[in-house]
Amino acid sequence: MLVSISINGQVYSHDVEPRVLLVHFIREYAELHGTHWGCDTSNCGICIVLMDDPNSDQPPYPVKSCTMLAAMAEGYEITTVEGMAKPDGTLDPIQQGFHEMHALQCGFCTPGMMSTGRWLIERHPNPTQMTDHEIRDGISGNLCRCTGYDNIIKAIRWAAAYIEEHPESARTAR
Amino acid sequence: MQTPAPCEYSRATSVDDAIAQLQALGGNARILAGGYSLIPMMKLRLANPGHVIDINPIEPELNYIRQEGNEIRIGALTRHVNMLESDLLDRTFPHIFRDAEAVLADPVVRNRGTMGGSLCQSDPAEDLSGVVVALKGRAVLRGPGGAERVVEMDEFHIGPYMTAVGPTEMLIEVRFDVHPGFGGAHEKVERRAGDFAIVAASAGLSIQGGVIREAGVACSAVGPTTMHIKRAEQALVGKAPSEQLFQQAGQIASADCSPNSDGRGPADYKRAVAGVLTQRALSRAAATALRS
Chain A
978 MLVSISINGQ VYSHDVEPRV LLVHFIREYA ELHGTHWGCD TSNCGICIVL
1028 MDDPNSDQPP YPVKSCTMLA AMAEGYEITT VEGMAKPDGT LDPIQQGFHE
1078 MHALQCGFCT PGMMSTGRWL IERHPNPTQM TDHEIRDGIS GNLCRCTGYD
1128 NIIKAIRWAA AYIEEHPESA RTAR
Chain B
-15 MQTPAPCEYS RATSVDDAIA QLQALGGNAR ILAGGYSLIP MMKLRLANPG
35 HVIDINPIEP ELNYIRQEGN EIRIGALTRH VNMLESDLLD RTFPHIFRDA
85 EAVLADPVVR NRGTMGGSLC QSDPAEDLSG VVVALKGRAV LRGPGGAERV
135 VEMDEFHIGP YMTAVGPTEM LIEVRFDVHP GFGGAHEKVE RRAGDFAIVA
185 ASAGLSIQGG VIREAGVACS AVGPTTMHIK RAEQALVGKA PSEQLFQQAG
235 QIASADCSPN SDGRGPADYK RAVAGVLTQR ALSRAAATAL RS
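Quick mapping for you: the protein sequence lines, in order, are chains A and B.
Mapping to my numbering: the first sequence position 89 is 1066, numbers consecutive.
Mapping to my numbering: the second sequence position 177 is 161, numbers consecutive.
In isolation and in its complexed conformation, chain A is listed as follows (with noise of 0.2 Å):
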């Protein structure tokens, strides 16, 4: 069937099998390969996208693409970690506060962490006073193996009270 999704606000049109799943449409047949491919069974989070439905008024939610199929995705807007920074190559802060607090080693995690994190951040109406639990929790879906998390949630604080100071730098409005 032919399955067309706008990733990164480029529209990718493909004629695929209905069972195609969307982490290797973005990755085989968008070839974008920043989106990662890990467990393959909903828990590490490796794979998470941003996914905006257009009638909704809620901010782009993460969702892990390993656990959709591709034909889902049609209608939404997904962004993925090649679609976070601006088109001068400005880093998006949540990018940002990963490379300021060292918030990954081997980086496999990082495109979904940072997914999950600029979520948190967007959908919560004071960022900055998020909680460790609040943090803790809301990467709960998100494994990395390297850092111990304590940088992650450090670079997620960061970006927080960057786009507090910096409020044009939110993807959302407030």
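Just so you know, these hints were derived from the structure itself, not from any lab.
We treat Cβ as the ideally placed atom computed from N, Cα and C, and that holds for glycine.
Computed footprint of chain A on chain B, listed as stretches where at least three residues anywhere in the stretch have a Cβ under 8 Å from a Cβ of chain A:
| hint | region |
| --- | --- |
| 1 | -11 to 2 |
| 2 | 21 to 27 |
| 3 | 91 to 98 |
Chain B side only, calculated, beta carbon under 8 Å to chain A, not exhaustive:
| hint | residue |
| --- | --- |
| 4 | Met(-15) |
| 5 | Gln(-14) |
| 6 | Asp38 |
| 7 | Asn40 |
| 8 | Ala177 |
| 9 | Gly178 |
Mind docking chain B on chain A? Use the hints.
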């Protein structure tokens, strides 16, 4: 690499359209909601539908939590996050839904996973099913021609991954009776955050005039379906709440569940945990009921 077996995909334009598609496909199709149960099952080839009917496009028709008379009605496509954050649910059934939804998988899964998907997966270790059994929810199944039937939870889950939903039927809503003086709790022991339970217990109590008028007790992951511990309920109703009574109910839960030994622990351990968690859930439920 895990990929589902070849299947066809279509979208539903309404509940009745989904049922008409089920009928036209002669029982070889499955309803696809959040996908966090069905797609893993398809990847493991434990489910091999020839066709999936995506109902996410009809979310406005099926995502709701509302009170009608003395009932709370939850639409089948209501997401876990909506149940977690619903003030109406937490006010009416403090705090059993919030307890369970806070420990059900992880926030990313809860963004998409649904009430209907949880129940229709019929996984005996799943948290929300325990809550629905303890609250004696009733499933509304719609079939061809708009015919509806209402099924009690004891008849709904007929075995692991098996439900009473017929091949041309669809779960559209779950209904709960509202009881005054209600308090509930869900207790879970898991290997790590977001995992399926080693054992979980759900309890709901309605206490009026110092006496337990209604009781619901269910245990998860200790039997072929979510275990409805009816003997514990019978032991509770009509009595004044006390720690001794809850301990007795816990002992009944230990005796009446039927766990298997597996990677999550030996059967006698799970039996013991079922008793402890049942007692804990009941005493928290009673404390909440007496405050409400």
